[in-house]
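Work the whole structure out from these sequences, hints included.
Each chain is listed here by its residues.
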Amino acid sequence: MSQAADPAPTLEVADPFIELHTAPGRGYPVFHVIEKGEQVELLKRKTNWYKVRAVSGETGWTKATQLGRTLQPTGLPADLPEVSHGQYLESSWRVGFTAGMFEDSPSFSLTAGYRPLTWLGAELEAGKIYNQSVTSDYYGANLVIEPLHQWSLTPYALAGYSQFSFDARQKVLLSDLGDADGVTFGGGLGYYIGRNFLIRAEYRVYSVSSNSDSTGLSEWKIGLNTFF
Amino acid sequence: MENRSQHVLLSTRKPRVIGIALLTGLLALTPSGPLLAQEGGSAPVQVIEPDIEPRSISEADIDAEFFEVGAFAGMLTIDNFSSEPLFGVSAAFHATEDFFLQFNYGVSEAGLTSFEELSGSNVRLLTDDDRDYSYYDFLVGYNIFPGEIFFSDSLTFNSAFYLVGGVGNTEFGGESNFTTTLGTGFRIVLLDWLTVHVDFRDHMFNSDLIRESQLTHNIELSSGITLFF
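Residue numbers (this note's numbering), protein chains in the order written: chain A, 1 to 228; chain B, 1001 to 1229.
Please note that a few of the clues may not be correct.
Stated by the list, open to error - To list a few chain A residues with every Cβ distance to chain B over 10 Å, as calculated:
(1) VAL30
(2) GLU103
(3) PHE108
(4) GLY113
(5) ALA141
(6) SER162
(7) GLN163
(8) GLY178
(9) SER207
(10) SER210
(11) THR226
What the hints assert, rightly or not - Covered stretches of chain A, going by a simulated chain B footprint (3 or more residues, C-beta under 8 Å):
(12) 40-47
(13) 126-139
Hints listed in this document are in silico derivations from the structure and should not be mistaken for laboratory results.
Quick reminder that beta carbons are idealized off the backbone N, C-alpha and C, glycines included.
Here it is, written out as structure tokens:
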């Protein structure tokens, strides 16, 4: 709406034809086709669909994969922004959430990460653990090492530092629980499920120390990440 | 990344016939087409690199709509308590036509339990502060039945019936509770950037407020609007 001055990018159809659907989604009917050699204007993008306008004025939605085989005014195939497997391994931001079991207590966390190198990234995490008698908020920072990229399952290792604070569920029982901190080591597998989604399954061991006591704890978690 | 399809065409050796057919098809559309056509029958090994820089279309050139923010209001039936108005905000990221990630935050306030109602005004299980009910959750959504609705002969809107599930936190009775949320919803796309939705959700958590730890089902029925940008 604000880009009135910019003309929409125009492409030339290289396939025998491209189909215009009434809406961006599976199953919506095809109501028009644009033939090879005709121009299309790119108006908008929604998920993996593009809204295009034909020279004759029809406006409809076409799949990104079909539009990937169109030509630019220079005669070269269009290089449309597209996300595929492997792209998440390039320098990128990612955010996601996880759900898991910390020993016998359910937990969840939010993560935000940045990867400056193909094999090394950093991640911040904030989460909650729900014990029978205590809930804990924790914050952590992890280094994620992902050196192997050739398979669809990408293994990774992580090491990090976490800070825990506790809150008694029954206020009458415990008054002051104090804080604790710990170091984490873990590993997991990442699996790319399409466009910019990544599933991660992870196992971690924590060494948590509070009041000069140190306890070994473990956690399983599964997470969903999106990257951009 | 150069244009990938061209790279593929040039580097594959085996399907040469197809390659040539495609190449000549491509080149017929380009100004430099005749240059190659002169070579005739012998298979082209090197295609003349055009001088023009390939100008790829970047995200910024296209108005993309992936994010959705909105507000909703409805009723929340708090297990063992009463049904009360609920207000909240939501944000979603649509990564594919099928899947989305959603964040929700909602607040409500519990009324009296039936026990408190019956026992009179001097029996209260919770203080007023502890009756505040708030939750947030992170859900994965799946558009299971996309479709269209027909208001009239000339007025149709796209719609989707979707499923959501995820985890989150509920603050209630002075306690934080790990909450699992499952639900369904129906979305009508009024404009490319404006939708209206109705949601039915079950927020489940273990509570020991009233009796020994028990799984409570807190049913939300809400409706709201969202904006895409």
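Hints the structure fails to honour | 3, 11
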